[in-house]
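Peer 1: Each chain, written out:
Protein chains: 2
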Amino acid sequence: MAPAPTRSDCEALDQADPLAPYRGEFVVDDDALIYFDGNSLGRLPKATVTRLQRLLADEWGGRLVRSWRETWLAMPVRVGDLIGTGLLGAEAGETVVGDNTTVSLYKAVSAALDARPGRRTVVIERDNFPTDRYLMESLARQRGLVIRWVDAGTSQGLTVDDLAGVVDDSVAVTLLSHVDYRSAAILDLGAMTTLVHESGALMVWDLCHSVGSVPMQLDRAGVDIAVGCTYKYLNGGPGAPAFTYVNRARQDELAQPIWGWWGRADMFDMAEGYQPYPDIRAWLTGTPGIMSLAGVETGVEMVCRAGIQEIRRKSTALSALAIELYDEWLAGRGVGLASPRDPHRRGSHVTVTHPGAVRLTDELAAKGVVPDFRRPDGIRIGLAPLTTRFVDVYDGLVVLRDLLG
Amino acid sequence: MAPAPTRSDCEALDQADPLAPYRGEFVVDDDALIYFDGNSLGRLPKATVTRLQRLLADEWGGRLVRSWRETWLAMPVRVGDLIGTGLLGAEAGETVVGDNTTVSLYKAVSAALDARPGRRTVVIERDNFPTDRYLMESLARQRGLVIRWVDAGTSQGLTVDDLAGVVDDSVAVTLLSHVDYRSAAILDLGAMTTLVHESGALMVWDLCHSVGSVPMQLDRAGVDIAVGCTYKYLNGGPGAPAFTYVNRARQDELAQPIWGWWGRADMFDMAEGYQPYPDIRAWLTGTPGIMSLAGVETGVEMVCRAGIQEIRRKSTALSALAIELYDEWLAGRGVGLASPRDPHRRGSHVTVTHPGAVRLTDELAAKGVVPDFRRPDGIRIGLAPLTTRFVDVYDGLVVLRDLLG
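Going line by line, the protein sequences match chains A and B.
Just so you know, we're using this note's numbering here: the first sequence kicks off at 1235 and counts up by one.
Just so you know, we're using this note's numbering here: the second sequence kicks off at 1235 and counts up by one.
Hints may contain errors.
Which copy is meant is left open, because identical chains are indistinguishable; a pair holds if it fits in one copy or across any two.
As the list claims (entries may be wrong) - Subject to a maximum C-alpha distance of 25 Å in a straight line, what follows is the list of computed SDA-like cross-link-like pairs (lysine to any residue):
{"id": "1", "residue 1": "K1601", "residue 2": "F1502"}
{"id": "2", "residue 1": "K1601", "residue 2": "T1305"}
{"id": "3", "residue 1": "K1601", "residue 2": "A1291"}
{"id": "4", "residue 1": "K1601", "residue 2": "W1302"}
Just so you know, these hints were derived from the structure itself, not from any lab.
Work out the full structure, taking the sequences as your base and the hints as a guide.
Peer 2: So this is what it looks like as structure tokens:
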């Protein structure tokens, strides 16, 4: 095993990093803060401050209601297309931004269930993010469905074989997270989508922990529906709305269940009888939060400008560094590694485990290192390639090492 | 009939108006603009500009993810209570702010339907706002329900007798708007709620066009659920989230259908199996848009400080003035009055009709007067008591009068 990197090595990595200048495009008050939670709430882009000032002064304050037609009405599709074409491997017209992740997933799974009326089983991973599990429970209860929980065989994440063991022709919908919110395991989106389709079921992907850090090709993989979060790697701001992708080939077949005026063809006709827009706008419900949408737009523009391939390259280097330092300093001292070692199977965070993880997370925060605690015993180190430096990884893990005594 | 007020009379009314100073608390770039659309998008409070600057700089930019526990997590209930106790006649713990109006109404009507499983009919007014009609259609289709459309007998709005003709023991839920979005007719919230309850049905009120301009006493009336908009008279900003009121006496009985992590008891436990919070938070789904919620908070604070009784008093005076000037200048020139003359039955806007309403609305806008066109032939004059002056009503209707040639 090569010797672990020194702090000088990390400084050299930062010097050579083509993405390093992006940190300067964010508001960073406290340069000493080591922020390992950019995958929970991404930092504030300076462009968002400027954009919101303009939104307040010119659009809301100045043009008032006229801004709807002048700019705001188009935002759900405009920002959706930015995400879809820049980050999802989608064409224009397949992605829209509106409701929160929970409501968006509810609509997605409902639509998929309606398209497979004879089937009574849904598949979801037992370790999926809570909101995914809970909304599946709500739909199962409403519709009298059976939930088939699938478990990963190992800590390396769910495999195609794991999934093959539970998908059959009784399954209507499978809902999986592309990147696991605790382990960072990347699931094989292409092969799993194909497998699910072979049984005649539909595939809904939760992209919350991958979008903006892991490249993907939803059109090529034939994904049916996907939903993702904009306040993590996309830096959209607290509670910024989710996006929904619907494969163009499925748009006629899939109808979301919450009919409102924003999904109604010719919405300002306010006519009798619901008729959905014959395009992705049919996935809108009511009025989206424009201030949050504006933050998504500026955040996504920056991610697209940096380039998802370059982001992925740095992300992999950051997480590899974290694992090298884990091996050097933490392994064998009561700390475990809960993330895959194979970089191709690992997203943009690294989770280490410790029986005292709650206490350690608090102690880290008190020393200016902010990770996330994840039950039951995980310290999640989020690595946001546009703002996390290699020296941050080094310095943050020094603090954790020293806390272990 | 007394002579119509002169412009000097209107100036005197503004001089004597105790709410006049509130206009100075809003961003008003163009003092000559006559804005009759504060009931579509309320103006921007200066306090919101300050609040959002702090939110960006200190809370998002500075404290980052730590702001969730420090301030943001509590906002849906904190802002809800502000609305509930200040404007709805509710106690603390009955109101929460989160999803948009459409999604909130979907949850409300779903919950009410689940609580009346044997009944297959829903009642809604044919002239209700489109999103209310469309979501009722979506729920009727999903659940195989019959929609019973009710029509107002006259242009003065739906009466208790009109409603009595359609509510019987087959009805599960009745959904009505407290103030009609076109005519401004105020429905008798107390008597209609009682009538609906007498048949064993549940009552859902849409308060979008009344909250912040018409006082109400939801607890006293025994209303089951109510949903309302925050971007009109509450000045919360474009697409700010809706609030949901659930009567405490019904909270055990009524369960909303979209289960997500924000509604889960002890949400950060992320435990298996959904268990709703044993309080109003059970009505949350996923992460709400915090920037929009902050705008709601500052907007509502100002409305509460001004006082809903004082707002109502001025609102009635403004709309009475508009009707006097209609009588003097517009009646008999192809213009009709689509709003009730009885001030007790009229909300805070006045709609006049004309066959050329589309053209007239555009021509008004070109001359710096911004009302809203409402199908089929309505020009809606929104009167926002905190920002609309008596001289605005006078000057705006002068422009309309002169356009009639």
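Peer 1: Each hint needs a verdict: does it hold in this structure or not?
Peer 2: So, going through the hints one by one against the coordinates:
1. Only between protomers do K1601 and F1502 lie at most 25 Å apart by alpha-carbon distance; the minimum there is 23 Å, versus 54 Å within a single protomer.
2. Taking the shortest Cα distances, K1601 and T1305 sit within 25 Å of each other only across copies (21 Å), while inside one copy they are farther apart (44 Å).
3. Taking the shortest Cα distances, K1601 and A1291 sit within 25 Å of each other only across copies (22 Å), while inside one copy they are farther apart (39 Å).
4. Taking the shortest alpha-carbon separations for K1601 and W1302, only the inter-copy value of 19 Å comes in at or below 25 Å, while the best intra-copy value is 46 Å.
Hint compliance for this structure: every hint is met.
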